[in-house]
Amino acid sequence: MSLTVLNVIVAVVIAIGFAALNAAYLVWAERRGAARIQRRPGPNINGPFGLLQPPLDGIKLMTKQIMIPGGADKILFMVAPVLAMAPAILSFVTIPFSETIVAHNMDIGLLMIFAFASMGALAVLFAGWGSRNKYSVMASVRAVSQNVSYEIPMLITAITVVMITGSMDLKVITNAQAGGFWHWNIFPSLHSPLMPLSFILFFICSLAETNRAPFDLGEAESELVAGFHTEYGSMGFGLFFMGEYANIVIGASLTTILFLGGWDCPFGLFPGVWWFLLKIYLLIATFIWIRWTFPRTTIYGLLNLSWKILIPLSLFNLLLTAGLLKVF
Amino acid sequence: MSILALYNNLNTFLYLAALLFGMGIYGLVTRRTLIGMLISAELILAAASINFMAFNRFTAPDPTVGQIFTLFIMAIAAAEAAIGLSIVLAVYRNYKSIDTEDLVELQG
Amino acid sequence: MGGYFSDIFNGSKSLLIGMGITFREFFKPIVTVQYPYQTIKMSARFRGHIELIADEEGKPKCVSCGMCERACPSGCITLGSVSVEIEVDGKMKKKKVLSKYDLDFTKCSLCGQCVENCNFGAIEFSKEYNLASSNKEDFHFNLLKRLEERNV
Amino acid sequence: MSAPIQLQPGETFILNVGPQHPATHGVLRVKMEMDGEYIVKAETVLGYVHRMHEKMGENRTYAQYLPNLSRLDYLGALGYTHGHVLLIERAAGIEVPERAEYIRAITVELNRLASHLFWFGCYVMDLGGFSPLMYALEDREYILDMLEAVTGARLTYCYYRFGGLYNDVDDDFIEAANRFIPRMRKSLKKYAALVTGNIIFQKRLEGIGHISAEMCRKYGATGAVARGSGIDFDVRKNEPYSVYPEFDFDIPVYHECDSMARFKVRMDEMEQSLRIIEQGLAKLPGGPIMAEKKPKNIKLPVGDFYQAVETARGSFGIRIVSDGDKNAYRLKLRSPTYSNMHLFDEACEGMMIMDALAFMGSLDLVIPEIDR
Amino acid sequence: MNPSMAITEAPGLFTADGLTGLIFLIMMAVTLIGGLIACCAERLVRAVAGLMVCFIGVAALYYFLNSPFVAMMQMLIYVGAVCITIAFAIMLAAPEESKKNGPAGPLSGPLGFITAGIVTFGLIVMALRTQFPILPKVNQGTAKEIGIQLLTQYSMVFELISIVLLIAIIGALVLARAGRSK
Amino acid sequence: MIQETTREALQSLFAESAPAVEVEAGAPRGNGVITRDYNAHGYHLDAQVAADQLVAAVEIIDQAGFFIESITGVDWIKENQLEVIYDFSRYDFDTCRVVIRTRVPRDQPIVPTITTIYAGANWHERETHDFFGIKFAGHPHLIPLLLPEDADFHPLLKDFKA
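Protein chains in written order, with our numbering: chain S, 1 to 328; chain G, 329 to 436; chain H, 437 to 588; chain C, 589 to 960; chain P, 961 to 1142; chain E, 1143 to 1304.
What the hints contain is simulated information worked out from the structure, not anything from laboratory work.
Glycine included, C-beta positions come from ideal geometry on N, C-alpha and C.
Careful, some of the hints might be misleading.
Stated by the list, open to error - Distance condition first, Cα-Cα at most 35 Å in a straight line; then the derived DSBU-like pairs of lysine-lysine:
(1) H:K543 / E:K1303
(2) S:K308 / C:K778
(3) C:K774 / C:K643
(4) P:K1097 / S:K308
To be verified - What follows is a list of derived Cβ distance ranges for each label pair:
(5) C:P833 / E:P1290: 34 to 40 Å
(6) C:I762 / H:F445: 25 to 31 Å
(7) S:Y25 / P:I986: 30 to 36 Å
(8) E:F1235 / H:N578: 56 to 62 Å
(9) H:Q470 / E:I1259: 54 to 60 Å
(10) P:L985 / S:H104: 46 to 52 Å
(11) P:I1094 / S:G166: 48 to 54 Å
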């Protein structure tokens, strides 16, 4: 216990800063990237390349009046954005950015991230219910059923990796993949020949868990106006937004650690935090790229994908890996 | 004894668990709706789990036993929640109410 | 079972094709115009609001016949004229002179009937399009005044 | 049949989709009785942008009424104006020069293409894909630039006149149009790969929004809605007007009766429009663009006249009951979307809301045209 | 006073131990407040929110009891699954919030309070009076050891629990589908 | 082809002696079927029926496989009559446009509904009710469609003052 508590507090402060910065500049990157895909410039007026846009947007959000719709459950309405943001930030505590840069390495780090991630669904549920808006309620029910059903294949896939490594410690998992990209979990190994598949499964699940297009059923703007945050303005909306982007960063980090070797260099040389950041931002760029390419799925299509394709495949992969681990 | 060292004391946890248990009992008696009762039952289970964990930490020779039992309680609680809530939904569909007073027909 | 896997395969393939298209688009040049900073020159036939055409002396060509006023479906043109006596070829002659030409642009639907119906070629379309204001009065144009301002 | 919605407490709830809703593209309101995400009953509420165009037709001269026609459907304005001028020419017996008719056909088809492109982009955006809208708008800009250079406006054209055209096309236009056709063909291929072939898109449209041919007949659905239900109906072929008999083009028909069929019909129609434009540009004759004998103030003979044209959204009909005056005694506009939208109430029952909105998008609604 | 592992000298507030103690106090308060909301809130959704808060507090207490694994499982299962299921059920079964969820009758409030008070008091007294023996630890109780124990000594129970869960899933499905016509 | 058969079918509604010819232009015509010059008028058959024959006439049209184009009204204030015009057309290439019209007195404008035959007549009838105040007997939901919900005026009547 002892010193770690102080550590954790410092880490949380840093994590909040990191998450906020990430959220702000990922929005910028997303807008610029989407604009390029659509052949327009994107935000480019404020500052060089529009780099001052995110802080100005933040100031705008913070100076806006907080509106609470009449008949809403005020407490839930106010608590939900915080609840969406807090677990995402807490998850940063245990993510190892490099051998040394980690706030508090836990031997059950992976489990912790999943535990905190599961709280996000409740935030969405409370937000939708608290807003007392039919669109919000429908959206939150959708978002939660989506989160719950994608948590299962995600966990199963993560367990496959855990079985190979024999640890839930993110540092141990990373170190097991050290020494060149051919050691990474994404590539098939003797024990788990279907590893590329599980990478894709995990990636799809993290898309769905973070409510990103094409799985953004919770905020399907053409059907449910803005989904569960229809009624949110000012910083309430800002917190949801930050939470979403923080979740994206965590999803990308987790994918990097589990499958892409964390801070490991692809050629086995000079491992370091830069490799980690490079990998997660490449993954995030893919997130953005996917979002601006595909239309949205339907809720039943989404659930079918999870229950009929992802879960059987991930279970099969789990069994195969378990069997091969026993045999070899 | 300092108040800041309470976390290292078995009795703290036992009192806490007792209070939670009491809250659960109070809720169970006073709640009118099935879901409210279920919530109270979850509180009672949580109190029991805390006791298990506290004894596990302070007195038991094998500190895995209490944890394992807590895990079992969790599994049972999850199963109970799933079954209980689907019963609630089934009741709701038939009686359009989850208020226990409206469900007297269920007796016998 | 075969259908199950071929569905997954074909589906994934179509997704990759789509991503390939957006990837290529990413590197193509920007096609938009940065509107307030850059503007486009309007085509020669662009129908903006109307303006009076001046003759050689800088006076409006309009003889205030009222054809445009009558042709306008929305009734947004108001003409006014005064009779003055001017000397033409040594004779005093009465002539109608345009004293007022108001365009209520709030009602105008830019159909161009006024220009088409003008037998004297006295009005034309302007090429202005960034007309935005929060004040309704800004769209009540006094075309005579605008003509004078242009002449200066 | 839309009987009034009566709420049964506890079981269902009412969801107001619109009048301000991102999926309704304007101010349409659909009162939906929902059971969870399923629609039990829907009732469309219209009239939020009603402007009484028909009354305006009664107190304006025929020429003054021309700009009104382009306000019906802001995306495919030329088709509606075409109907009006054709009706007046038919009733007043005005001979239109061939060049004018060819230019009309070319511009109408360009406008149809622009309208379909905009619909395509918005439809994909309804389904959550944003980028195709931008690509479609880029292609549409070329059309609007061309049309602006000819007509002087980008949306509300008011280009046709009784007996001809407002002004002639120049070589720049023909050159631009000729450049545009191969470009558009390439774009259509891109759309096919990016959107039509996309598995998510297919899953969202296939089997959604089934409209049988019989239902089309009962509701009077026309345009792509009818053609997506296997009905081989296009006014350009069935009741040829203008110079359409001169052109070689096909009517795309799909028999699946679902949203995907309607989508494909419109995508194929773009291809057919390109063919018409290509032929029109090749065949474009010289000569005047305005009828020689044309009365200054048009008065129609006493009687009842009707003209149907195929606009981007379906069969647009205009009826003038004339008492011999210089404005109509009664002017009726039969807008295609009005009938197409009417289907929605019945067809969406039992659908999930997101399917219903995907289905609504496939009807290609332009609300001002419904409300008139 | 129990002769449990009492620390003799009081830690200062700004030492690491002191901070740990402070956080423990906060978490204890969180647990109790959450529990109070869960059993007394008028609206059921708020009761679930209270339950969630209470569970988060309990998870933190587990962490203080040297079992981070169980703490995380508590979060995952109770907060992430049970609370969400309950909230879902509330949305499906109790759409109108205005209906009062307070005490069932005029007597049930005081009655419940007395019952709960007696039980709590009894438990506390028992805890006070009992001398708990302290035995030397045989292992650390880490996740790995829990896993080994689960699959060796408690494998039977483990299997039974999984069957119970399976039956619960099937039963829930059957019950939930029974009334659905579509 | 269909033109003749439909004409014959519609003709059967009228007594043999009914005049099937148009009287002077402008004057109210009698009930009967007229074949119009398509090139001048834009439709082929023009049948005027009495209000109580309407449903029978529309049934004939429905049997023949026509689709409904529109329903509208005309206010003949001089004759103190309101006319309801039904437009029908065909999907196939055997082009035939049929116009069915009926006239009712202005002070008692009641016409039977055809929503039972053509479900799509619903909105058209509501719209005609909005604009002219013509009541469609048996219509399931005759409330204002395009006008405001509480509208009690009928803007297309010739004596309507805005």
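| task | Could you say whether the range 56 to 62 Å given as a hint is met by the Cβ separation of F1235 (chain E) and N578 (chain H)? | result | With a Cβ separation near 59 Å, F1235 (chain E) and N578 (chain H) satisfy 56 to 62 Å, so the hint holds.
| Does the Cβ distance between I762 (chain C) and F445 (chain H) fall inside 25 to 31 Å? | 47 Å, violated
| request: Given the hint that K308 (chain S) pairs with K778 (chain C), test it: the Cα-Cα distance must not exceed 35 Å. | output: Judged against 35 Å, a Cα distance of about 31 Å means the pair holds.
| message | Given a hint of 34 to 40 Å, does the C-beta separation of P833 (chain C) and P1290 (chain E) actually sit inside it? | response | 45 Å, violated
| At the C-beta level, are L985 (chain P) and H104 (chain S) separated by a distance inside 46 to 52 Å? | Between L985 (chain P) and H104 (chain S), where Cβ atoms are some 21 Å apart, the hint is violated.
| request: Could you tell me whether the CB distance from Y25 (chain S) to I986 (chain P) stays inside 30 to 36 Å? | output: Since the Cβ atoms of Y25 (chain S) and I986 (chain P) sit about 33 Å apart, the hinted range of 30 to 36 Å holds.
| field | Agreement of K543 (chain H) and K1303 (chain E) with the hint, judged by alpha carbon distance not exceeding 35 Å | value | 21 Å, holds
| request: With respect to the beta-carbon atoms only, verify the hint that I1094 (chain P) and G166 (chain S) lie 48 to 54 Å apart. | output: 34 Å, violated
| request: Please work out if K774 (chain C) and K643 (chain C) have their alpha carbons no farther apart than 35 Å. | output: Measuring from Cα to Cα gives roughly 45 Å; hence the hint is violated.
| task | Mind checking the alpha carbons of K1097 (chain P) and K308 (chain S) for me, to see if they're no more than 35 Å apart? | result | Distance ~47 Å between K1097 (chain P) and K308 (chain S) Cα, so the pair is violated.
| request: Take the C-beta atom of Q470 (chain H) and the C-beta atom of I1259 (chain E), compute their distance, and say whether it sits inside 54 to 60 Å. | output: 58 Å, holds
When the structure is compared with the earlier hints, violations turn up for hints 3, 4, 5, 6, 10 and 11 and for no others.
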